[in-house]
Amino acid sequence: MNSLKVVSKSTEVYNASNVNSDNSEEVKINMEVRPISPERAIDQKLVEKAQKGDKQAFGILVEKYQLKLNRLISRMVRDQSEIEDIVQDSFIKAYRAINNFRGDSAFYTWLYRIGINTAKNHLVSLGRRPKAMDAVDIEEIENFQDAQDLRSVETPETTMMNNQITATVNNAAESLPDELKQAFKLREMDGHSYEEISEMMGCPIGTVRSRIFRARDAIAEKLKPLIEVTNKRW
Amino acid sequence: MTVKIIISFLLLLILKPVSALDNPWEIINKAAEASKKLSYKGIFHSQHSGDIKSIEITHAFHGSDEYGSDEYTRINMLDGDFGEVLADAKNVVVYHSHKNDVIMQKRKNQHLFPAIFPVNPQILKDNYELSFGNKERVAGRNSQIVVLRPLDKYRNFYHFWLDEETSIPLKMIVSDGDNNIFEQSSFTNIAFLHSSNLSWFKPSIDNKKQDIIEKKSDKSVSHNKFWKLKNTLPGFKEVDQISQRIPGLNILSHQLVYSDGLAYVSLFIRPVAKDKRPKVGEVRIGSTNISARYYNGYQIMSVGSVPFSTVKHFSESVEF
Amino acid sequence: MNEKTSSLFDNEIQSNELDSLLSKKERGADIREAIQHYQTISDVIQGKQLSRNNLSNKIMAAIDKEPTQLGGFLAAKKSLSQQSSPSEYWPMAASFAALFVIGLTVFNGDSIKVGNSPVLAKGDIPEDIIIAHHSSTSTNMKYFIKTKD
Chain A
1 MNSLKVVSKS
11 TEVYNASNVN
21 SDNSEEVKIN
31 MEVRPISPER
41 AIDQKLVEKA
51 QKGDKQAFGI
61 LVEKYQLKLN
71 RLISRMVRDQ
81 SEIEDIVQDS
91 FIKAYRAINN
101 FRGDSAFYTW
111 LYRIGINTAK
121 NHLVSLGRRP
131 KAMDAVDIEE
141 IENFQDAQDL
151 RSVETPETTM
161 MNNQITATVN
171 NAAESLPDEL
181 KQAFKLREMD
191 GHSYEEISEM
201 MGCPIGTVRS
211 RIFRARDAIA
221 EKLKPLIEVT
231 NKRW
Chain B
1 MTVKIIISFL
11 LLLILKPVSA
21 LDNPWEIINK
31 AAEASKKLSY
41 KGIFHSQHSG
51 DIKSIEITHA
61 FHGSDEYGSD
71 EYTRINMLDG
81 DFGEVLADAK
91 NVVVYHSHKN
101 DVIMQKRKNQ
111 HLFPAIFPVN
121 PQILKDNYEL
131 SFGNKERVAG
141 RNSQIVVLRP
151 LDKYRNFYHF
161 WLDEETSIPL
171 KMIVSDGDNN
181 IFEQSSFTNI
191 AFLHSSNLSW
201 FKPSIDNKKQ
211 DIIEKKSDKS
221 VSHNKFWKLK
231 NTLPGFKEVD
241 QISQRIPGLN
251 ILSHQLVYSD
261 GLAYVSLFIR
271 PVAKDKRPKV
281 GEVRIGSTNI
291 SARYYNGYQI
301 MSVGSVPFST
311 VKHFSESVEF
Chain C
1 MNEKTSSLFD
11 NEIQSNELDS
21 LLSKKERGAD
31 IREAIQHYQT
41 ISDVIQGKQL
51 SRNNLSNKIM
61 AAIDKEPTQL
71 GGFLAAKKSL
81 SQQSSPSEYW
91 PMAASFAALF
101 VIGLTVFNGD
111 SIKVGNSPVL
121 AKGDIPEDII
131 IAHHSSTSTN
141 MKYFIKTKD
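Chains as they are written, first to last, in the working numbering: chain A, 1 to 234; chain B, 1 to 320; chain C, 1 to 149.
If we strip away everything but chain A, and leave its shape as in the complex, we get:
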């Protein structure tokens, strides 16, 4: 097997020699390297821990992506219980194959490919034809956003519950102390990083972190009783 040896590395250009163990011929490959996003770096760390047997780390990845995967699969499969089975199977397959993940792509890109293959296999096994997801390319997966036009399983009960949750969260957010509210909204509504918020608010990053957490904690306290009543499913 050939081994890659780093000859020199800069932030912009990455030179790698491909050394053949039989005849020592060298092939230089120039590749551009984009800086890794914080999300991808954190996911990579979680994957590494999962590869080392830390199931909790994998559990965080499950929590992060189960909903997105659910929505992705729902573009191919209609029945909600089937979607849930496929999502669960996909994560189990991802866990079993976690050592095959090399970090060449983002974790969720790899996970989504597994999800799509699992869904396709499921449809084929039922004699159904997989839908237009055949044409999904990698870029589309990486840019997959939570689609707002997806069919959702709404009943009068779930609609009422959603309304209650929405009202509770909004009321709780509005009644936050000003400094907490400001940090929280800069993060949640405008998507600013902690560093950006710290500059905008003129306070240390640690303070930003604390304020955002305290805001969430205060809202979550009011939200919990609602969620417990519904058994987290609606």
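Possibly wrong hints are sitting among the right ones.
[Stated by the list, open to error] Mimicking DSS-like on lysine-lysine, the simulated pairs with C-alpha atoms at most 30 Å apart in a straight line are: (1) Lys41/B with Lys55/A; (2) Lys202/B with Lys55/A; (3) Lys135/B with Lys37/B.
Derived by calculation from the structure, the hints in this document are not laboratory data. These numbers were taken from a predicted model, which means no experiment stands behind them.
For chain A, the structure is supplied; the task is to place chains B and C on it using the hints.
Then chains B and C, alone, in the frame of chain A:
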């Protein structure tokens, strides 16, 4: 007279050679499959060279898919320093609290009791004769004694007590022709598992805190074979070659592994360092025989729990 | 813990903080629950659709039954940009020697004369050779059992 004939016939049946039965090797096939495909947990005693240890083993066979391996084994040492082994189909990881580190290597030729048989037990037919012995109880279960007798002087005797119900080996003794026992392993209790829960397959030691040492062959080293064996022993095939560079000396050392399916011999070929005298001769260390030879500037050593004639044959067969 | 979880949710957690967060084994479910709440809050604030079935507990119950993966132990030690170098075998022999003292009990003293062959002493055989043999060809607990010297 008639009674004597009948008794002789019955005695012949008790320890009958292979040819009297239809496909008797099937029991070995079943034993090989059972040790791989069954899920079980038990404790067995393992003895070699006078030392006995109690070992707990948990083994499960899990349905495989395109992503995962399908066989999981966990071994805990119950006596002495804590030691643990986790093995799946591809890797073996050894934990030892004594050194506070973790050794990891690819799973190749490790066939640990009770999974002692090769993947294809049929290869044993050419070099061993199968005989059935009595039935005995082991670990509270009925078992059939099966003996593999070597067809030549180059192998040991293997005695198995195979579970009547599942064919899994419950006990094993390896001996030479003079009934000297090299090693034996025997379950004291065994239970078969029916759950698909594999959560037990995890390290006891906090592997996050350990240094993990990978044991592997250096693939950048040339595997150019400059040697050959002028006489190979029947049944022994080369199953592995490991080449390593000895650090600090820039000496390339080769280890060739030969096996007939049950017995293993390692043949080491390495240059003799300038300031070292080569070793020539034979020695037994525990149940392991070693034959050493000096040839064309190289130290040749063959090692194995096999008769002296075997290791001697291997060390003397190398030429280049 | 929850402040770290909040930072994790925002992808703003530091590496050592993530280690610390995950080091508390019994809190895995708590971390997931916190993230669920934060996600709900975020969806509301951003005006996203709330219809969701949270499968994470069910998925993790299934994952808990899965065996620990071994193959990535070493891969997990390497960073993305770090080149792995082949491990040297011989220095590890010392570790093996400490781990496993292999069958060094002799039957009749330290050496045995066989036929007319010269007799070697036990000390003439490099320990790494014995270790290398057994680690490559384990058929019994000899590989893993410490025995008397």
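Going through the numbered hints above, which ones does this structure break? Give me the numbers in ascending order.
Going through the list in order, the structure violates no hint and respects every one.
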